[in-house]
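**Q** From first to last, the protein sequence lines stand for chains A, B, C and D.
Under the UniProt record's numbering, the first residue of the first sequence is numbered 1, with each subsequent residue one higher.
Under the UniProt record's numbering, the first residue of the second sequence is numbered 1, with each subsequent residue one higher.
Under the UniProt record's numbering, the first residue of the third sequence is numbered 1, with each subsequent residue one higher.
Under the UniProt record's numbering, the first residue of the fourth sequence is numbered 1, with each subsequent residue one higher.
Quick caveat, the hints were computed from the structure, so don't treat them as lab data.
Keep in mind that a hint or two might mislead.
Repeated chains share a single entry, so a pair holds when one copy, or any two copies, can fit it.
Below, in silico cross-link-like pairs of lysine to any residue (SDA-like), each with a Cα-Cα straight-line distance of 20 angstroms or less [as the list claims (entries may be wrong)]:
{"no.": "1", "residue 1": "K100", "residue 2": "E26"}
{"no.": "2", "residue 1": "K23", "residue 2": "K100"}
{"no.": "3", "residue 1": "K294", "residue 2": "N329"}
{"no.": "4", "residue 1": "K84", "residue 2": "H256"}
{"no.": "5", "residue 1": "K101", "residue 2": "N153"}
{"no.": "6", "residue 1": "K23", "residue 2": "I164"}
{"no.": "7", "residue 1": "K343", "residue 2": "L375"}
{"no.": "8", "residue 1": "K376", "residue 2": "D274"}
{"no.": "9", "residue 1": "K84", "residue 2": "Q245"}
{"no.": "10", "residue 1": "K343", "residue 2": "A238"}
{"no.": "11", "residue 1": "K331", "residue 2": "V128"}
{"no.": "12", "residue 1": "K84", "residue 2": "W241"}
{"no.": "13", "residue 1": "K332", "residue 2": "K386"}
{"no.": "14", "residue 1": "K101", "residue 2": "L25"}
{"no.": "15", "residue 1": "K386", "residue 2": "V204"}
{"no.": "16", "residue 1": "K343", "residue 2": "I249"}
{"no.": "17", "residue 1": "K100", "residue 2": "L157"}
{"no.": "18", "residue 1": "K343", "residue 2": "F233"}
{"no.": "19", "residue 1": "K100", "residue 2": "P24"}
{"no.": "20", "residue 1": "K101", "residue 2": "P155"}
{"no.": "21", "residue 1": "K203", "residue 2": "E181"}
{"no.": "22", "residue 1": "K332", "residue 2": "R201"}
{"no.": "23", "residue 1": "K203", "residue 2": "I183"}
Protein chains: 4
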Amino acid sequence: MVSTDTLLDFFLETRAHTEVICKPLEIEDYVVQPIIDVSPPKWHLGHTTWFFEEFILKTYDKSYQIFDEDFSFVFNSYYETVGKRVVRADRGNLSRPSVKKVYEYRHYVTEAMNKLLETNYNSTLLNVLEIGIHHEKQHQELLLTDIKYILGNNPLLPKYSDSIQEYTTEKEVQNWIGMSEGIYEIGHNSTDFCFDNELGRHKVYIHDYQISNKLVTNAEYLEFIKADGYKRFDLWHAAGWDWVQQYKITSPLYWHEIDGDWHYYSLKGLTKVDLEAPVTHISYFEAFAFAQYKNCRLPTEFEWEAAQNQFNWGQRWEWTESAYLPYPNYKKVDGALGEYNGKFMVNQKVLRGSSIATPKNHARHTYRNFFQTDLKWQFTGIRLAK
Amino acid sequence: MVSTDTLLDFFLETRAHTEVICKPLEIEDYVVQPIIDVSPPKWHLGHTTWFFEEFILKTYDKSYQIFDEDFSFVFNSYYETVGKRVVRADRGNLSRPSVKKVYEYRHYVTEAMNKLLETNYNSTLLNVLEIGIHHEKQHQELLLTDIKYILGNNPLLPKYSDSIQEYTTEKEVQNWIGMSEGIYEIGHNSTDFCFDNELGRHKVYIHDYQISNKLVTNAEYLEFIKADGYKRFDLWHAAGWDWVQQYKITSPLYWHEIDGDWHYYSLKGLTKVDLEAPVTHISYFEAFAFAQYKNCRLPTEFEWEAAQNQFNWGQRWEWTESAYLPYPNYKKVDGALGEYNGKFMVNQKVLRGSSIATPKNHARHTYRNFFQTDLKWQFTGIRLAK
Amino acid sequence: MVSTDTLLDFFLETRAHTEVICKPLEIEDYVVQPIIDVSPPKWHLGHTTWFFEEFILKTYDKSYQIFDEDFSFVFNSYYETVGKRVVRADRGNLSRPSVKKVYEYRHYVTEAMNKLLETNYNSTLLNVLEIGIHHEKQHQELLLTDIKYILGNNPLLPKYSDSIQEYTTEKEVQNWIGMSEGIYEIGHNSTDFCFDNELGRHKVYIHDYQISNKLVTNAEYLEFIKADGYKRFDLWHAAGWDWVQQYKITSPLYWHEIDGDWHYYSLKGLTKVDLEAPVTHISYFEAFAFAQYKNCRLPTEFEWEAAQNQFNWGQRWEWTESAYLPYPNYKKVDGALGEYNGKFMVNQKVLRGSSIATPKNHARHTYRNFFQTDLKWQFTGIRLAK
Amino acid sequence: MVSTDTLLDFFLETRAHTEVICKPLEIEDYVVQPIIDVSPPKWHLGHTTWFFEEFILKTYDKSYQIFDEDFSFVFNSYYETVGKRVVRADRGNLSRPSVKKVYEYRHYVTEAMNKLLETNYNSTLLNVLEIGIHHEKQHQELLLTDIKYILGNNPLLPKYSDSIQEYTTEKEVQNWIGMSEGIYEIGHNSTDFCFDNELGRHKVYIHDYQISNKLVTNAEYLEFIKADGYKRFDLWHAAGWDWVQQYKITSPLYWHEIDGDWHYYSLKGLTKVDLEAPVTHISYFEAFAFAQYKNCRLPTEFEWEAAQNQFNWGQRWEWTESAYLPYPNYKKVDGALGEYNGKFMVNQKVLRGSSIATPKNHARHTYRNFFQTDLKWQFTGIRLAK
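Using the sequences plus the hints, can you model the full thing?
**A** Put into structure tokens, the structure is as follows:
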């Protein structure tokens with residue numbers, strides 16, 4: 001457990017960074033929700049704040065005055081324990097509270113927390129605080145990917161910032177890292193913070209396998225497109241094939257074919273697809289089909305974790321073949337925070353690593369991200385295994 | 001045909017009034033679209049402007065520089081003739097162009113029109129100009145009703161303005177105006193402006209009927225609710241009954257039952273339902289069921305027009321029993337403006353009169369408004385006949 | 001009012017004829033419901049029988065033993081007054097009662113009616129009996145059109161019968177019948193049977209018009225197809241255009257383009273489209289667009305009725321421009337039979353005439369049929385006016 | 001590889017048994033498809049026959065005359081390789097081919113196979129034959145569960161047969177079988193037939209666990225219902241909770257609450273719920289929530305396989321916590337048969353064991369069945385672990 005002072009610094013830095021991410025936005029950008037998976041930036045600002053008000057200030061600060069009784073209703077996400085909430089699909093229908101009011105709410109809560117933490121060293125509080133900070137860091141990542149969707153889905157394709165870099169080219173030649181059959185230990189293994197889904201360190205038997213030292217590039221993915229990868233049903237899961245047909249999928253998200261050339265909307269605006277860059281914004285269905293096309297497969301999350309110190313990761317969330325399931329002896333936390341991870345452990349795939357949208361110090365090699373198999377709006381990527 | 005000077009004044013007054021309606025809004029209120037029938041205020045501002053750019057400036061002003069090529073795509077509504085457009089359901093997903101930019105667009109186009117009209121007296125131009133002004137006045141009405149929906153659908157129920165009055169109580173006792181069987185002339189009959197759907201003045205044979213001197217009040221409608229009007233299938237059309245079941249309709253829009261008392265969200269905020277006020281925000285299905293409950297019926301649009309000078313109207317758009325159909329010898333205008341009315345003449349009901357959201361000088365006793373039978377968000381009302 | 005003896009004959013003839021229509025069917029054909037608008041033939045057999053059991057035998061025959069208590073639930077259609085029912089979309093999901101059992105039910109009820117009518121001359125009974133017979137005749141028409149859909153929707157395209165003739169070629173040259181402006185009397189006007197929606201004979205003022213002596217032929221309709229009629233949005237209602245796009249409509253129902261030639265599935269099986277035959281199986285949307293293409297329009301139901309004795313009709317239900325609305329002074333019958341017509345008087349169009357599927361003696365020049373604007377499975381047709 | 005003679009006997013026995021299952025049916029029962037997951041019995045009869053025609057007779061019997069060219073279109077299921085097919089949701093809309101014709105098809109193909117197998121000993125053929133037989137056995141199971149749904153969904157609740165027994169009561173007291181941590185070998189391990197998804201025998205490390213000797217009974221499940229198990233969101237996955245809300249799930253499938261008592265539709269007809277019987281017709285979502293309620297969990301498929309020889313199984317397909325994924329080194333078969341299993345390996349859960357609907361000799365302890373998490377129509381059950 002880190003000290004209160006360190007945690008307070010960590011808290012304040014995190015609160016500030018969320019607002020830095022929003023700097024380039026117009027007020028209008030804070031409000032919209034073009035698809036159900038994307039939340040308005042305003043909502044992220046309010047929800048991460050509500051977490052501290054709901055789970056810390058209301059419990060541990062007897063003198064705390066709730067900022068606005070209605071905000072609990074507006075900014076609760078899925079915590080059924082804590083009462084009613086605006087349904088997810090309606091978040092983009094709310095013009096009020098205004099952005100200005102939401103920032104007031106943030107600063108009010110940050111200030112109250114600051115004051116509370118000067119005197120309160122309760123270890124349960126610190127535990128919830130740490131979760132709250134990491135919760136906000138998770139939302140920082142979502143915030144950036146949601147902003148990208150909001151701008152990148154707009155026909156005017158406005159840019160977010162000139163200074164953001166979505167990737168580094170991996171210069172090395174592709175080759176295979178060989179891993180040997182045996183028992184491996186999987187899961188979190190230190191006193192540092194982790195989420196409950198990383199716990200239950202346990203043994204897994206892994207057979208011989210090879211895993212790529214590099215992420216799949218746009219050049220390789222373009223080859224798949226040109227080889228009619230989106231038209232060959234034999235490469236796809238049945239559900240993936242239905243999805244391709246229904247939504248007429250023909251490329252990664254944010255790709256635009258203009259006069260025969262593929263362009264890509266990045267946070268810097270529209271540019272030609274960089275062939276050396278790691279492919280991104282592909283769904284699990286596409287990652288799987290690509291792997292089939294290459295006569296390879298996706299690694300399991302265990303294979304990934306066992307080999308991760310032998311390759312560079314951190315640009316793209318990497319799809320694995322593993323379904324998101326509890327580790328042996330996984331224990332759901334009691335109360336509202338128990339809703340954090342466990343209840344999503346069905347019909348989702350694990351992603352490992354982290355992405356360029358991940359706040360620094362938030363990445364861990366045992367971190368388990370998870371999404372439905374058709375989602376493309378995250379900075380996802382592909383690392384092959386065989 | 002009115003003179004250019006008068007039209008220019010009319011144009012400038014109309015342009016200015018649209019912006020007056022938006023005065024009480026926060027920037028965020030301009031952006032959202034809580035249901036498909038509601039358009040973001042920002043879109044109304046842009047669309048009414050685009051109409052003048054597209055149908056006048058591009059054609060009649062050779063020196064005109066288009067403000068932004070992309071705006072045609074963003075602000076076209078349903079004119080298939082004029083090219084692609086953002087689909088209606090996506091209007092609320094666009095954070096850009098910003099509100100500021102849209103106002104710049106408005107002022108740029110208003111100025112260009114102002115300059116053009118100083119020198120150009122082309123009668124076709126003036127004809128389109130007059131349509132454009134009336135088009136904007138129609139959107140002023142929609143703008144206010146859409147703003148009401150945006151605010152009234154928000155769980156915080158923010159008010160729009162303290163000074164707006166949604167109704168005047170009709171003090172007189174309800175009684176029946178008797179009308180005699182015979183041939184009546186229906187349709188527009190002067191050189192003043194009207195829309196194409198009012199033309200083709202023609203004879204209609206009407207049988208003896210009676211029509212109420214008053215609109216139905218909240219007190220009367222509440223009686224219908226208390227008499228289980230929403231639960232008695234025999235009062236409803238089959239399609240209306242399905243609608244009541246599917247959407248669990250139990251009252252007019254904006255009514256809230258709080259601790260046993262009915263409250264109503266008006267543009268001034270939430271208040272108790274005023275029993276003397278004319279009921280509003282009811283669909284055709286509800287108007288019909290209410291009439292059945294009273295052993296009456298709704299008037300046809302011809303009955304309404306024939307009797308209209310014997311009662312006060314102008315608070316509520318009044319549902320009629322008439323389907324929206326072309327008058328005999330109706331002629332659709334050639335080109336894009338031909339899409340204005342004719343293509344909606346199926347599966348809608350005619351409403352007559354006007355409402356408190358109608359801009360002054362925009363109401364006419366021959367005006368034909370029309371909506372689908374399930375829509376409630378307009379300031380609709382009920383006048384009975386028998 | 002006809003005599004009991006005549007009615008009894010009429011009843012028995014009608015009951016027998018329903019079964020004649022089903023003669024060519026396999027047992028399997030009685031069961032399926034390929035779209036919600038089509039009912040399984042078995043259901044028609046049971047429902048028309050249930051009508052007599054429910055509205056006559058239960059009320060007027062004290063010794064009557066209900067055949068099966070569950071059948072009321074299975075064979076009620078939309079009479080909310082009479083209790084719960086199998087929802088329409090589920091009719092094709094019921095393998096039981098078996099076809100054999102349904103025939104037993106028919107014969108049991110026919111026999112009970114036969115016995116009852118030997119002694120009971122109650123005029124209310126006779127009135128309901130007459131409605132029940134005409135109700136069954138309406139279902140005979142639906143039965144044949146539903147059978148056509150069941151077989152014509154099957155990829156094997158089995159034929160129904162070699163001896164059924166779907167049309168007679170109209171040999172005369174197309175010309176226009178001129179009708180003069182004035183007051184016309186509309187509605188039923190004799191002591192013969194009619195449905196409630198034909199009543200309220202009343203005056204209608206009609207302006208000068210012309211109506212075609214002939215139905216539109218396949219040759220003419222093919223010209224519309226070849227002139228890209230299905231691709232020209234300007235010919236369609238907005239709702240019609242959405243429908244064409246969504247369902248990718250490119251021809252009348254039952255047309256198949258095979259190696260560049262248009263074929264048509266008739267009850268005799270698949271043949272080439274006969275260019276001289278009157279076009280059929282088109283929706284109102286298509287009838288309207290075709291009329292626009294010809295710079296004509298569809299007649300109103302009043303124009304049709306006023307002119308009907310000057311042309312031959314009876315092959316195709318003819319779409320009119322009139323919405324299905326009550327006549328002035330229309331009175332809904334009390335009780336369950338009041339649900340017969342009135343509750344459908346919204347968002348439907350009137351069709352006039354009758355079709356080759358109409359049982360003989362069932363057609364009347366005041367008869368008002370009605371369907372939603374997108375339905376194609378009836379033997380509909382087009383007669384132009386201008 | 002078994003000998004040709006044995007395989008021929010196995011083939012003929014299997015073909016005959018499919019028809020035995022259909023013996024109690026009325027012709028009408030063969031046709032309907034009340035939900036998309038259920039196929040009409042007629043379709044099962046035809047599809048299993050088509051498999052032999054398509055994959056054996058067309059390839060290996062040069063003198064074979066195809067029974068009907070259209071049947072390939074009608075009876076293909078999901079083999080994209082083999083061409084177009086009737087979409088799954090439309091299977092219940094086809095009254096033709098008739099049941100009689102489908103039986104003729106069956107006998108024609110069985111006879112042709114019989115003749116072919118007298119002379120042809122090609123080992124590839126025998127391999128496909130073996131798959132075809134097991135394919136038909138899988139369909140025997142589906143056939144019975146689909147028949148149950150067809151009859152049990154009918155408001156008349158007709159019984160299938162008096163002689164079929166849906167369960168045996170497990171008389172022993174519930175206790176926990178303790179299993180020790182270590183490496184276990186998983187997957188098929190003999191020369192007997194198995195499906196491709198059982199192959200790739202491999203090592204799995206399993207931690208200490210306990211597994212119940214008995215299936216969960218109706219008495220235990222009823223306790224869960226009475227303890228508001230369907231109303232406690234904390235017991236459910238988020239997706240499961242949405243499903244419970246949307247479909248208003250309150251009990252296993254085929255349970256009916258009548259006058260306060262729970263009844264159950266079995267293939268013998270409606271009876272009171274037998275408290276001692278193993279609960280069945282529950283979805284994975286329900287199995288999971290029940291386990292949460294008992295502070296237990298579902299076993300993984302590896303835990304199940306490692307312990308299976310210490311308890312009796314074979315009455316209920318048992319839901320596991322394992323997602324349906326390929327084993328290490330899983331190889332998809334080339335060609336159309338490669339579509340058999342691999343393409344379903346996403347977003348489904350593994351079930352282990354077999355059920356009372358499984359044909360004898362078809363159960364194996366390495367068999368991997370799989371279904372979506374919301375499906376209830378199979379004879380599923382729950383065995384707890386901890």
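**Q** Against the structure shown, which of the earlier numbered hints fail to hold, in ascending order?
**A** Hints that this structure does not satisfy do not exist here, as all of them hold.
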